[in-house]
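Visitor: Residue strings, one per chain:
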Amino acid sequence: AQSVTQLDSQVPVFEEAPVELRCNYSSSVSVYLFWYVQYPNQGLQLLLKYLSGSTLVKGINGFEAEFNKSQTSFHLRKPSVHISDTAEYFCAVSGIYNQGGKLIFGQGTELSVKP
Amino acid sequence: GAVVSQHPSRVICKSGTSVKIECRSLDFQATTMFWYRQFPKQSLMLMATSNEGSKATYEQGVEKDKFLINHASLTLSTLTVTSAHPEDSSFYICSATETADTQYFGPGTRLTVL
Chain A
1021 AQSVTQLDSQ VPVFEEAPVE LRCNYSSSVS VYLFWYVQYP NQGLQLLLKY LSGSTLVKGI
1081 NGFEAEFNKS QTSFHLRKPS VHISDTAEYF CAVSGIYNQG GKLIFGQGTE LSVKP
Chain B
36 GAVVSQHPSR VICKSGTSVK IECRSLDFQA TTMFWYRQFP KQSLMLMATS NEGSKATYEQ
96 GVEKDKFLIN HASLTLSTLT VTSAHPEDSS FYICSATETA DTQYFGPGTR LTVL
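Protein sequences appear in the order of chains A and B. So for the first sequence, my numbering puts the first residue at 1021; every next one is plus one. So for the second sequence, my numbering puts the first residue at 36; every next one is plus one.
Simulated from the structure, these hints should not be mistaken for laboratory data.
A few chain A residues that don't get close to chain B, going by computed Cβ distances all over 12 Å: (1) 1036; (2) 1081; (3) 1095; (4) 1102; (5) 1134.
Quick list of in silico lysine-lysine cross-link-like pairs, DSSO-like style, CA-CA up to 27 Å: (6) A/1078 / A/1089; (7) A/1122 / B/55; (8) A/1069 / A/1089; (9) A/1122 / B/76; (10) B/99 / A/1122; (11) B/55 / B/101; (12) A/1078 / A/1134; (13) B/76 / A/1069; (14) A/1089 / A/1122; (15) A/1122 / B/90; (16) B/101 / A/1122; (17) B/55 / B/76; (18) B/99 / B/76; (19) B/76 / A/1134.
Cβ coordinates follow ideal geometry from the N, Cα and C atoms, glycine included.
With the hints as extra help, turn the sequences into a complete structure.
Guide: Have a look at this one:
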């Protein structure tokens, strides 16, 4: 079984500042890792994913994340945020042998970018 | 690519009526579709997993007779909330996967039961 912990429920930050959204996971098997973004009253949009290979993953909108197996972390970063990045961010994990790719989500982190 | 649509985006119904929500993969064939429920300011709760041509697999605590799922084709799954009550009001989101590694999500359906 897997579990995901997003360490911060809310992250306020000023525009053009860097941001890191933290995600730790627990699993007894190898995993795939994902970050999704949700804007108000919308579904989830895939930001980036780690399946294998390079541990530094680049995604859309200037976001990147680094898979750290020893620390079981997959933190999301952006060097300079915009007002439009204000949204809810979800980290998710699935066991690579899970039939159908069932996802386990973290509790979400609300990123609020202020001018 | 990898676009998933949901219809309707918003529905208001009276208590006791049934509501059907459609989930379609527009540019790929979805081997598996998932249905989630999301309460305000909370994460997604997986309700069920559906595979084309077979019965859906429901998560523990989800009433299968209440939430009927039909996966009629590789591009369409439907969720029917039967005899809806106010406590069924929620945001319902579907996702679809072509390969087992990545889910693509629909825009969600806001259900309000009066």
